[in-house]
Amino acid sequence: MNIINIEHIAKIYQVGTEEVHALRDVSIRINKNEYVAIMGPSGSGKSTLMNMLGCLDTPTSGKYEFKGISVSQMSDNDLAKVRNKEIGFVFQTFNLLPRSDALHNVELPLIYAGVPSAERKERAKEALLNVGLGDRIHHKPNELSGGQRQRVAIARALVTKPAIILADEPTGNLDSKTGEDIMTLFNDIYTQGNTIILVTHEEYIAEHAARIVRIKDGLVERDETVENRYIPNGKKIFTSQS
Amino acid sequence: MKNFLFELKEGLAISFMAIKANKIRSALTAIGIFIGVTSVVLMSTAIKGINNSFQNGISALGADNLYIDKWKWFNDEEWWKTRNRKNIDMDEYEKYRELAKLPAAIAPTVWTNQNVKNGGKSIDGTLLTGTTNEYLATTNFTFNEGRFFNEVESKGNRNVCVIGSDVAKNLFGGSSALEQFIKIKGIKFKVVGVLSEQGSFMLGSFNPDKQVYLPIGNIFKYFQSQNFRSVTITVRVSNTAMIEQTKEEAQGIMRKIRGLNYNQEDDFSINQQEGFTKLYDQTVGVIQIVGLFITGLSLFVGAIGIMNIMFVSVKERTKEIGIRKAIGAKKRTILSQFISEAIIICMIGGLVGLIGAVILSKVINQFLPTSFQFQAVILAIVISLITGVVSGFAPAYSAAKMDPVEALRYE
Numbered sequence: 593m594n595i596i597n598i599e600h601i602a603k604i605y606q607v608g609t610e611e612v613h614a615l616r617d618v619s620i621r622i623n624k625n626e627y628v629a630i631m632g633p634s635g636s637g638k639s640t641l642m643n644m645l646g647c648l649d650t651p652t653s654g655k656y657e658f659k660g661i662s663v664s665q666m667s668d669n670d671l672a673k674v675r676n677k678e679i680g681f682v683f684q685t686f687n688l689l690p691r692s693d694a695l696h697n698v699e700l701p702l703i704y705a706g707v708p709s710a711e712r713k714e715r716a717k718e719a720l721l722n723v724g725l726g727d728r729i730h731h732k733p734n735e736l737s738g739g740q741r742q743r744v745a746i747a748r749a750l751v752t753k754p755a756i757i758l759a760d761e762p763t764g765n766l767d768s769k770t771g772e773d774i775m776t777l778f779n780d781i782y783t784q785g786n787t788i789i790l791v792t793h794e795e796y797i798a799e800h801a802a803r804i805v806r807i808k809d810g811l812v813e814r815d816e817t818v819e820n821r822y823i824p825n826g827k828k829i830f831t832s833q834s
Numbered sequence: 052m053k054n055f056l057f058e059l060k061e062g063l064a065i066s067f068m069a070i071k072a073n074k075i076r077s078a079l080t081a082i083g084i085f086i087g088v089t090s091v092v093l094m095s096t097a098i099k100g101i102n103n104s105f106q107n108g109i110s111a112l113g114a115d116n117l118y119i120d121k122w123k124w125f126n127d128e129e130w131w132k133t134r135n136r137k138n139i140d141m142d143e144y145e146k147y148r149e150l151a152k153l154p155a156a157i158a159p160t161v162w163t164n165q166n167v168k169n170g171g172k173s174i175d176g177t178l179l180t181g182t183t184n185e186y187l188a189t190t191n192f193t194f195n196e197g198r199f200f201n202e203v204e205s206k207g208n209r210n211v212c213v214i215g216s217d218v219a220k221n222l223f224g225g226s227s228a229l230e231q232f233i234k235i236k237g238i239k240f241k242v243v244g245v246l247s248e249q250g251s252f253m254l255g256s257f258n259p260d261k262q263v264y265l266p267i268g269n270i271f272k273y274f275q276s277q278n279f280r281s282v283t284i285t286v287r288v289s290n291t292a293m294i295e296q297t298k299e300e301a302q303g304i305m306r307k308i309r310g311l312n313y314n315q316e317d318d319f320s321i322n323q324q325e326g327f328t329k330l331y332d333q334t335v336g337v338i339q340i341v342g343l344f345i346t347g348l349s350l351f352v353g354a355i356g357i358m359n360i361m362f363v364s365v366k367e368r369t370k371e372i373g374i375r376k377a378i379g380a381k382k383r384t385i386l387s388q389f390i391s392e393a394i395i396i397c398m399i400g401g402l403v404g405l406i407g408a409v410i411l412s413k414v415i416n417q418f419l420p421t422s423f424q425f426q427a428v429i430l431a432i433v434i435s436l437i438t439g440v441v442s443g444f445a446p447a448y449s450a451a452k453m454d455p456v457e458a459l460r461y462e
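As you go down the protein sequences, you meet chains E and V in turn. Numbered per this note's numbering, the first sequence finishes at 834, counting up by one with no gaps. Numbered per this note's numbering, the second sequence finishes at 462, counting up by one with no gaps.
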């Protein structure tokens with residue numbers, strides 16, 4: 593099933609008097625249960641593409657259909673709804689609310705989805721359990737290690753059962769061993785039937801994915817399937833997903 | 052509706068967390084509102100109290116009374132125009148009383164200031180009102196003990212008196228004044244009645260609490276001659292609708308008594324308490340408006356404090372706003388989160404301010420009448436709510452319209 597269908601999108605920023613063409617002409621289709629890495633050096637436009645894919649921004653021109661619905665003309669509020677229900681974000685800097693404990697951080701998207709308190713807490717606990725943090729639910733971010741914080745963020749991304757997980761350099765702030773654990777977690781999430789889009793500039797991280805889309809100068813340079821993708825062998829964290 | 056309540060509940064929970072995270076800052080900001088609400092509530096309480104006291108005083112003296120006097124009480128004209136008017140004397144009062152059909156009660160009054168004594172205790176310059184037994188019917192007086200002097204005592208000019216509550220307090224302390232004697236200029240008068248507090252401090256020395264009432268003949272006999280001062284005829288109108296007719300009747304009778312021709316102007320005046328009210332509104336009303344304005348300013352300063360802190364808070368939490376938006380918070384959600392934060396701070400300040408106002412109004416009540424009422428509670432809550440919404444809106448709006456991409460990038 594086709595989840596993302598992007599056709600000829602472009603994004604032009606006005607910086608002072610100069611026009612910056614962050615994306616020139618990009619077309620991508622992503623199907624359900626794909627593991628796609630989007631690669632490119634900095635300034636290539638991959639961040640802009642990621643914002644577009646994550647419905648944080650709308651293209652200047654072109655067509656973007658998410659699950660068959662056009663989102664390129666959506667209002668801010670409708671985009672917020674799509675982000676809330678369909679997209680799970682994982683960021684390089686984790687982006688957890690510093691003053692809230694792990695449970696509240698994971699609950700947050702469910703609050704905005706209007707899920708009642710008791711059900712919300714139950715689901716958030718389960719999501720934390722699945723990423724191996726069942727014993728840390730009342731810890732604040734500053735009481736957790738980097739790997740644990742990223743796992744809280746992943747639990748937050750998964751808790752709404754979104755159509756895609758959008759990870760932006762998820763191992764960028766982690767040491768290589770912890771990074772391997774997180775990549776193992778992503779691999780498990782993928783094999784459970786989820787769709788993952790991984791944005792990175794590191795070749796060895798991209799090789800975890802089944803498909804690599806290379807962006808350069810606002811254009812798709814190459815879109816290739818990985819023959820022998822790298823299966824990480826870190827610590828098994830992911831237990832199950834109901 | 053259910054949706055709205057859900058958002059309200061979650062928004063409030065999130066706001067409480069943010070306020071708890073910044074306890075000192077929130078408390079300091081709330082102080083501004085606390086001071087503002089306290090002063091506004093206190094001011095309105097004092098205004099209410101003063102107004103009540105004035106209204107009580109007016110009604111104790113009879114709100115619909117007419118006063119036939121030599122002088123026009125609230126006069127815009129030059130005083131010399133009325134200077135040469137003839138005094139109204141007791142004969143004229145008797146004639147008017149005979150002829151007037153409309154009034155409910157008519158009593159002559161004369162005033163003099165004297166020293167009043169009971170043993171070692173004395174009060175200088177007490178206002179003595181000389182009148183008849185009918186005077187009681189022109190007022191709404193109530194008694195702590197005893198009664199007003201009766202017709203026999205009044206006609207016979209007996210040495211009896213009725214004293215105001217302050218006079219009783221000052222001369223007799225806590226003990227009963229009834230059947231006791233006071234001395235005025237060495238002459239003994241028996242107290243037959245003590246008024247209960249009429250609470251009309253706004254009337255100054257005309258406050259019944261500070262007066263002594265005597266049969267009118269005693270005034271002429273002991274203190275001043277009949278022609279020294281004009282008699283004021285106090286007329287109680289039978290009901291409010293009859294004021295104008297009673298006034299016209301009085302004017303007609305007085306002109307007849309005085310034998311005025313059609314082309315001569317009245318050489319007497321018919322006064323009403325309306326004049327008191329007008330004078331009161333003019334002076335006290337202005338003071339009240341200025342007072343409310345100044346206390347309102349302090350509230351305004353508090354509101355600016357809140358707005359300032361909220362702007363800082365929004366700036367500081369740009370990243371948080373970005374995260375919330377990425378995760379699915381709508382503009383409206385962010386807007387209501389920050390507005391409710393401002394409202395909660397204002398409410399805390401307002402409720403503490405309300406408690407402060409209650410305590411202070413008790414203290415001030417020792418010197419000035421204050422009237423603390425349930426409206427003040429509503430006033431405080433409404434003021435806090437409005438201040439919160441008004442001062443929180445601009446910062447909250449700036450948070451709501453942030454671009455999530457930019458906000459997430461903010462460090």
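Hints in this document: simulated from the structure, not taken from any laboratory. Since the structure is predicted, the reported quantities are computational estimates derived from the model, not experimental observations. C-beta atoms are modelled at their ideal positions from N, C-alpha and C, and glycine is treated no differently. Don't take each hint at face value.
Just a few of them, taken from the derived set where beta-carbon distance is under 7 Å, the chain E residues facing chain V [as the list claims (entries may be wrong)]:
1) Y605
2) L648
3) D649
4) T652
5) G660
6) I661
7) N687
8) R691
9) L700
10) P701
11) A710
12) F830
Quick partial rundown of chain E residues pointing at chain V, CB under 7 Å, derived from the structure [to be verified]:
13) S664
14) N669
15) R675
16) N676
17) E678
18) L689
19) I703
20) G764
21) Y782
22) Y822
23) P824
With a straight-line cut-off of 25 Å between C-alpha atoms, the simulated DMTMM-like cross-links for lysine to aspartate or glutamate are [stated by the list, open to error]:
24) V/K382 - E/E795
25) E/K655 - V/E457
26) V/K146 - V/D175
Here is how each hint holds up against the structure:
The beta carbon of E/Y605 comes no nearer than 11 Å to any beta carbon in chain V, farther than 7 Å, and the hint placing it at the interface is violated. For E/L648, the shortest C-beta to C-beta distance to chain V is roughly 5 Å, which falls under 7 Å, so the interface hint holds. The beta carbon of E/D649 comes within 6 Å of a beta carbon in chain V, closer than 7 Å, and the hint placing it at the interface holds. About 14 Å separates the beta-carbon of E/T652 from the nearest beta-carbon of chain V, more than 7 Å, and the hint is not met.
Checking E/G660 against chain V by beta carbon gives a least distance of about 20 Å; that is not within 7 Å, so the hint is violated. The closest approach between the C-beta of E/I661 and any C-beta of chain V is roughly 16 Å, which is over the 7 Å cut-off, so the hint fails. The criterion of a C-beta within 7 Å of any C-beta in chain V is met by E/N687, whose closest approach is roughly 5 Å, and the hint holds. Given the 7 Å rule on beta carbons, the hint for E/R691 holds: about 5 Å separates it from the nearest Cβ of chain V.
For E/L700, the interface hint holds, since its Cβ comes within 7 Å of a Cβ in chain V; the closest pair sits about 6 Å apart. For the restraint placing E/P701 at the interface with chain V, the shortest Cβ-Cβ distance is roughly 5 Å, inside the 7 Å limit, so the hint holds. With a cut of 7 Å, the hint placing E/A710 at the interface with chain V is violated, because the nearest CB-to-CB distance is about 13 Å. The interface hint given for E/F830 is broken, as the beta carbon of that residue sits about 22 Å from the closest beta carbon of chain V, more than 7 Å.
For E/S664, the interface hint is violated, the least distance from its beta-carbon to any beta-carbon of chain V being 16 Å, above 7 Å. Below 7 Å, beta-carbon pairs count as interface contacts, and E/N669 has one with chain V at about 5 Å; its hint therefore holds. Of the supplied interface hints, the one on E/R675 holds, with its beta-carbon coming within about 5 Å of a beta-carbon of chain V, less than 7 Å. Interface hint at E/N676: satisfied, since its Cβ lies 2 Å from the closest Cβ of chain V, which is below the 7 Å cut-off.
Taken as an interface hint, E/E678 does not check out: its beta carbon lies about 10 Å from the nearest beta carbon of chain V, beyond 7 Å. Below 7 Å, beta-carbon pairs count as interface contacts, and E/L689 has one with chain V at about 6 Å; its hint therefore holds. Given the 7 Å rule on beta carbons, the hint for E/I703 holds: about 5 Å separates it from the nearest Cβ of chain V. For E/G764, the interface hint is violated, since its Cβ never comes within 7 Å of a Cβ in chain V; the closest pair sits about 15 Å apart.
Nearest Cβ of chain V to the Cβ of E/Y782: about 22 Å, over the 7 Å cut. The hint is violated. Residue-level restraint check for E/Y822 is violated (minimum Cβ-Cβ distance to chain V is 29 Å; threshold 7 Å). Evaluation of the E/P824 hint against chain V yields a violated restraint, the C-beta minimum of about 26 Å exceeding 7 Å. Only pairs whose Cα atoms come within 25 Å are accepted, and V/K382 paired with E/E795 is rejected, the gap being roughly 38 Å.
The hinted pair formed by E/K655 and V/E457 meets the criterion: a straight-line CA distance of about 23 Å does not exceed 25 Å. Proposed proximity of V/K146 and V/D175 is contradicted: the alpha carbons are some 36 Å apart, above 25 Å.
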